[in-house]
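S.K.: Here's the letter readout for the chains.
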Amino acid sequence: MATETKQEYNITIGLEVHAQLKTKSKLFCSCSTEFGKEPNANTCPVCMGYPGVLPVLNKQAVAYAITAGLALGCKIDLNSRFDRKQYFYPDLPKGYQISQFDNPICNHGKLSIGNKEVRILRIHMEEDAGKLVHAGAERLHGSDHSLVDLNRASTPLIEIVSEPDINSAEEAVTYVKELRKVLLYTEVCDGNMQEGSLRCDVNISLNKTGQPLGTRAEIKNVNSFRSISRAIEYEYKRQSQILDEGGKIVQETRLFEEGTGKTHSMRSKEEAHDYRYFPEPDLLPVTIEQKQVDDARQGLPELPQQKKTRYIEEFQVNEDTATTITDDLETAHFFEKVLSKGAKANKAANWIIGPIAAYLNENKKSLNETKLSAELLAEMLVLIEKGTISDNIAKNDIINELLENGSPVAKLIEDKGLAQITDTGAIEAIVQEVIDTNPKQVEQFKSGNDKIKGFFVGQVMKKTQGKAPPSLVNQLLGKLLK
Amino acid sequence: MSLDREEVIKIAKLANLRLTDEEIDKYSGDLNAILGYVEQLQELDTTGVEPMIGAINHNKELREDKAVDSGLQAKMLANAPDSEGTAIKVPQMS
Numbered sequence: 066m067a068t069e070t071k072q073e074y075n076i077t078i079g080l081e082v083h084a085q086l087k088t089k090s091k092l093f094c095s096c097s098t099e100f101g102k103e104p105n106a107n108t109c110p111v112c113m114g115y116p117g118v119l120p121v122l123n124k125q126a127v128a129y130a131i132t133a134g135l136a137l138g139c140k141i142d143l144n145s146r147f148d149r150k151q152y153f154y155p156d157l158p159k160g161y162q163i164s165q166f167d168n169p170i171c172n173h174g175k176l177s178i179g180n181k182e183v184r185i186l187r188i189h190m191e192e193d194a195g196k197l198v199h200a201g202a203e204r205l206h207g208s209d210h211s212l213v214d215l216n217r218a219s220t221p222l223i224e225i226v227s228e229p230d231i232n233s234a235e236e237a238v239t240y241v242k243e244l245r246k247v248l249l250y251t252e253v254c255d256g257n258m259q260e261g262s263l264r265c266d267v268n269i270s271l272n273k274t275g276q277p278l279g280t281r282a283e284i285k286n287v288n289s290f291r292s293i294s295r296a297i298e299y300e301y302k303r304q305s306q307i308l309d310e311g312g313k314i315v316q317e318t319r320l321f322e323e324g325t326g327k328t329h330s331m332r333s334k335e336e337a338h339d340y341r342y343f344p345e346p347d348l349l350p351v352t353i354e355q356k357q358v359d360d361a362r363q364g365l366p367e368l369p370q371q372k373k374t375r376y377i378e379e380f381q382v383n384e385d386t387a388t389t390i391t392d393d394l395e396t397a398h399f400f401e402k403v404l405s406k407g408a409k410a411n412k413a414a415n416w417i418i419g420p421i422a423a424y425l426n427e428n429k430k431s432l433n434e435t436k437l438s439a440e441l442l443a444e445m446l447v448l449i450e451k452g453t454i455s456d457n458i459a460k461n462d463i464i465n466e467l468l469e470n471g472s473p474v475a476k477l478i479e480d481k482g483l484a485q486i487t488d489t490g491a492i493e494a495i496v497q498e499v500i501d502t503n504p505k506q507v508e509q510f511k512s513g514n515d516k517i518k519g520f521f522v523g524q525v526m527k528k529t530q531g532k533a534p535p536s537l538v539n540q541l542l543g544k545l546l547k
Numbered sequence: 064m065s066l067d068r069e070e071v072i073k074i075a076k077l078a079n080l081r082l083t084d085e086e087i088d089k090y091s092g093d094l095n096a097i098l099g100y101v102e103q104l105q106e107l108d109t110t111g112v113e114p115m116i117g118a119i120n121h122n123k124e125l126r127e128d129k130a131v132d133s134g135l136q137a138k139m140l141a142n143a144p145d146s147e148g149t150a151i152k153v154p155q156m157s
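Just so you know, the protein sequences line up as chains B and L, in that order.
So the first sequence is numbered by the working numbering: it starts at 66 and just counts up by one.
So the second sequence is numbered by the working numbering: it starts at 64 and just counts up by one.
Note that these hints are calculated values from the structure, not bench results.
Small disclaimer: the values here were computed from a predicted structure and weren't measured.
Where a beta carbon is used, it is the ideal one built from N, C-alpha and C, also for glycine.
One or more of the hints may lead you astray.
[Claimed, not checked] Covered by chain B, per the in silico footprint, the following chain L stretches (three or more residues, Cβ under 8 Å):
# : region
1 : 88-100
2 : 142-153
[What the hints assert, rightly or not] Simulated pairs of lysine-lysine, DSSO-like, Cα-Cα distance not exceeding 27 Å:
#  : chain 1 : residue 1 : chain 2 : residue 2
3  : L       : Lys138    : B       : Lys196
4  : L       : Lys73     : B       : Lys175
5  : B       : Lys372    : B       : Lys327
6  : B       : Lys181    : B       : Lys150
7  : L       : Lys129    : B       : Lys196
8  : B       : Lys451    : B       : Lys356
9  : L       : Lys76     : B       : Lys159
10 : B       : Lys505    : B       : Lys481
11 : B       : Lys196    : B       : Lys102
12 : B       : Lys285    : L       : Lys76
13 : B       : Lys87     : B       : Lys175
14 : B       : Lys196    : L       : Lys123
15 : B       : Lys175    : L       : Lys129
16 : B       : Lys196    : L       : Lys152
17 : B       : Lys102    : L       : Lys138
18 : B       : Lys159    : L       : Lys138
19 : B       : Lys481    : B       : Lys511
20 : L       : Lys152    : B       : Lys159
21 : L       : Lys152    : B       : Lys285
22 : L       : Lys73     : B       : Lys87
23 : L       : Lys123    : B       : Lys150
24 : L       : Lys138    : L       : Lys123
25 : B       : Lys181    : B       : Lys313
26 : L       : Lys73     : B       : Lys124
27 : B       : Lys285    : L       : Lys73
28 : B       : Lys196    : B       : Lys140
29 : B       : Lys436    : B       : Lys409
30 : B       : Lys102    : L       : Lys123
31 : B       : Lys356    : B       : Lys124
32 : L       : Lys123    : B       : Lys124
33 : B       : Lys356    : L       : Lys76
34 : L       : Lys73     : B       : Lys150
35 : L       : Lys138    : B       : Lys356
36 : B       : Lys89     : L       : Lys76
37 : B       : Lys356    : L       : Lys152
38 : L       : Lys73     : B       : Lys89
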């Protein structure tokens with residue numbers, strides 16, 4: 066980790082996060098945005114860049130951009146504009162990308178990453194490029210051609226640009242995680258990094274304390290949390306080495322390679338830095354009514370950090386637990402539903418992040434892939450609370466049944482005879498029996514060996530198959546061993 | 064303001080145009096004539112005037128988010144110089 070090595074240089078990081086908006090159709094045409102179709106299945110003359118066609122802006126994409134902007138504390142510009150960013154590459158059929166340059170839809174937001182606030186400079190809308198597949202990945206260098214798939218061309222993105230307020234790899238990862246959570250909570254992006262729904266460019270520079278900020282390098286193709294961390298560590302090493310030797314950092318775009326963990330210069334695109342932006346003549350300015358912004362603000366859901374704070378204050382769960390539960394919206398919804406069915410907050414939280422999370426991890430499942438409903442869990446927790454079943458019995462004999470088969474709790478307890486014995490007389494008889502059959506241990510106890518009491522508890526539990534309430538057993542032992 | 068030969072060569076390169084020496088001279092003249100004309104317009108004081116990007120200044124007619132299949136994929140693919148399966152084949156990109 067960069068921050069764990071001897072840090073002679075301060076590291077300054079700004080992130081550009083591209084998030085694909087969850088629309089059904091593309092940004093400027095009606096082609097589907099569905100992932101995983103055969104190459105060029107989702108294309109039409111507009112996204113293929115045919116001459117004489119006109120782009121028409123997707124209403125929902127604008128709505129999503131506004132929602133994302135508001136959730137990140139941005140000011141929404143009621144009059145923004147699209148521009149052409151011009152460069153040549155086979156994945157860009159028009160020869161330009163329609164983006165927003167000097168007049169983006171959202172400006173000046175912020176995102177808290179724990180003890181620090183990262184300022185967001187701007188959020189703009191733009192269309193994605195297509196995908197280039199190098200024929201036969203294993204013979205990458207031997208192949209003489211590339212294949213173009215334009216299914217992704219013109220799918221709607223927002224690019225969220227942070228100020229250079231991030232100072233370590235850990236902070237960068239936290240920032241992207243928090244950002245992803247906000248996008249998932251507001252349901253504007255599915256956050257799927259494997260499918261490229263969320264991608265990152267990382268701007269990194271080094272300087273010494275008291276010196277002005279250094280020249281930055283922009284690292285592209287950083288598309289997982291692990292890659293963000295590795296790319297930053299590699300760049301720290303690369304740049305500090307150059308500076309140590311008295312060299313100068315070149316402002317350039319570098320590509321991160323997942324395989325080697327290294328970054329290398331993208332010389333081929335050096336010239337393309339002159340994008341010659343100009344206002345897109347095929348589109349009208351984006352004008353938004355204040356009412357739409359107000360309505361979107363009203364319609365914002367509870368955001369991850371608000372939810373976390375509420376869990377701590379309202380339910381008195383500890384911060385780590387609140388963080389774990391709110392990290393995933395599905396889990397948070399589940400938790401709240403369990404509470405609404407009468408379970409106690411702390412118990413429910415501990416079950417969700419404990420035995421249930423362990424089961425999900427082990428079986429690589431998400432909650433909605435199990436048979437466990439909030440109602441079932443609540444029912445089980447209420448029965449534990451009442452003393453009908455013990456915590457241990459629930460853990461060992463009930464919860465997996467519920468997760469795998471969704472069996473009715475009451476029937477399960479009855480069929481397997483899992484209820485705790487509540488007949489004090491019956492337990493007292495068993496305790497007495499255990500005492501009578503183990504005179505040696507009774508002797509030891511009477512001569513002062515307190516620890517031997519555990520042996521008696523164990524024997525009673527064995528005889529009752531764990532169905533005797535431990536507090537009652539202890540109480541009876543205390544009484545009968547005298 | 065006027066463009067020198069170097070700038071014309073750079074612009075041509077960015078636009079993916081290969082120009083002969085004669086063409087560079089010709090376009091340098093043409094471009095400078097256009098810039099000269101725009102320069103005349105810039106003599107007007109436009110302080111406080113909102114830039115006008117188009118004839119209509121609103122965008123109320125946006126498209127509803129509904130996916131529609133174009134049905135033109137095969138025809139468009141046939142227009143591509145080369146293809147493999149349903150993908151367009153291009154010279155190898157590094």
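S.K.: For every hint, state whether the structure bears it out.
M.R.: Going through the hints against the structure:
1. For the region 88-100 of chain L, the proposed coverage by chain B is not satisfied: 0 residues have a C-beta within less than 8 Å of a C-beta in that chain, short of the threshold of three.
2. Taking a C-beta to C-beta cut-off of 8 Å, the region 142-153 of chain L contributes 8 residues in contact with chain B, enough for the three needed, and the coverage statement holds.
3. Taking the CA atoms of L:Lys138 and B:Lys196, the gap is near 20 Å; set against the 27 Å cutoff, the hint holds.
4. Proximity of L:Lys73 to B:Lys175 is assessed by CA-CA distance (about 40 Å); at most 27 Å being required, the pair is judged violated.
5. Between B:Lys372 and B:Lys327 the alpha-carbon distance is near 38 Å, which puts this suggested pair outside the 27 Å criterion.
6. Among the hinted pairs, B:Lys181 with B:Lys150 is inconsistent with the structure: their alpha-carbon atoms are about 34 Å apart, more than 27 Å.
7. For the given pair, L:Lys129 sits about 23 Å from B:Lys196 by alpha-carbon distance, which is consistent with the 27 Å threshold.
8. Under the criterion of a C-alpha separation no larger than 27 Å, the hint pairing B:Lys451 with B:Lys356 is inconsistent with the structure, at around 51 Å.
9. Of the pairs offered as hints, the one joining L:Lys76 and B:Lys159 holds, with about 17 Å between alpha carbons and a cut-off of 27 Å not exceeded.
10. For the hint linking B:Lys505 to B:Lys481, the alpha-carbon distance of about 35 Å lies beyond 27 Å, and the restraint is violated.
11. Between B:Lys196 and B:Lys102 the alpha-carbon distance is near 13 Å, which keeps this suggested pair within the 27 Å criterion.
12. Restraint check for B:Lys285 and L:Lys76: satisfied, since their Cα atoms lie roughly 24 Å apart, inside the 27 Å limit.
13. The suggested pairing of B:Lys87 with B:Lys175 holds, with an alpha-carbon distance near 22 Å, which does not exceed 27 Å.
14. Distance restraint check for B:Lys196 and L:Lys123: the Cα-Cα separation of roughly 32 Å exceeds the 27 Å cut-off, and the hinted pair is therefore not satisfied.
15. Between B:Lys175 and L:Lys129, the direct Cα distance comes to roughly 32 Å. Violation of the 27 Å bound is thereby established for this hinted pair.
16. Among the hinted pairs, B:Lys196 with L:Lys152 is consistent with the structure: their alpha-carbon atoms are about 12 Å apart, no more than 27 Å.
17. This hinted pair checks out: B:Lys102 and L:Lys138 have alpha carbons roughly 18 Å apart, not beyond 27 Å.
18. Proposed proximity of B:Lys159 and L:Lys138 is supported: the alpha carbons are some 18 Å apart, at most 27 Å.
19. For a cut-off of 27 Å, the pair hint linking B:Lys481 to B:Lys511 is broken: about 38 Å separates their Cα positions.
20. A C-alpha spacing of about 17 Å is found between L:Lys152 and B:Lys159, which places the hinted pair at or below 27 Å, so the restraint holds.
21. Proposed proximity of L:Lys152 and B:Lys285 is supported: the alpha carbons are some 25 Å apart, at most 27 Å.
22. This hinted pair does not check out: L:Lys73 and B:Lys87 have alpha carbons roughly 40 Å apart, beyond 27 Å.
23. At roughly 24 Å between alpha-carbon atoms, L:Lys123 and B:Lys150 fall within 27 Å of each other, so this suggested pair holds.
24. Simply put, L:Lys138 and L:Lys123 have alpha-carbon atoms about 33 Å apart, too far for the 27 Å limit, and the pair is violated.
25. The straight-line distance between the Cα atoms of B:Lys181 and B:Lys313 is roughly 31 Å, outside the 27 Å bound, and the hint therefore fails.
26. With a C-alpha separation of about 39 Å, the suggested pairing of L:Lys73 with B:Lys124 is violated against the 27 Å cut-off.
27. With a CA separation close to 26 Å, the supplied pair B:Lys285 and L:Lys73 stays within the 27 Å bound.
28. At roughly 33 Å between alpha-carbon atoms, B:Lys196 and B:Lys140 are farther apart than 27 Å, so this suggested pair is violated.
29. Straight-line distance between C-alpha atoms of B:Lys436 and B:Lys409 comes to about 21 Å, which keeps the hinted pair within the 27 Å bound.
30. Distance hint between B:Lys102 and L:Lys123 is unfulfilled; the C-alpha atoms sit about 32 Å from each other, more than 27 Å.
31. Distance restraint check for B:Lys356 and B:Lys124: the Cα-Cα separation of roughly 15 Å lies within the 27 Å cut-off, and the hinted pair is therefore satisfied.
32. Pair hint L:Lys123 plus B:Lys124 holds up; C-alpha atoms about 9 Å apart against a cutoff of 27 Å.
33. Distance hint between B:Lys356 and L:Lys76 is unfulfilled; the C-alpha atoms sit about 47 Å from each other, more than 27 Å.
34. Straight-line distance between C-alpha atoms of L:Lys73 and B:Lys150 comes to about 17 Å, which keeps the hinted pair within the 27 Å bound.
35. The suggested pairing of L:Lys138 with B:Lys356 is violated, with an alpha-carbon distance near 44 Å, which exceeds 27 Å.
36. At roughly 38 Å between alpha-carbon atoms, B:Lys89 and L:Lys76 are farther apart than 27 Å, so this suggested pair is violated.
37. Among the hinted pairs, B:Lys356 with L:Lys152 is inconsistent with the structure: their alpha-carbon atoms are about 48 Å apart, more than 27 Å.
38. The hinted pair formed by L:Lys73 and B:Lys89 fails the criterion: a straight-line CA distance of about 41 Å is larger than 27 Å.
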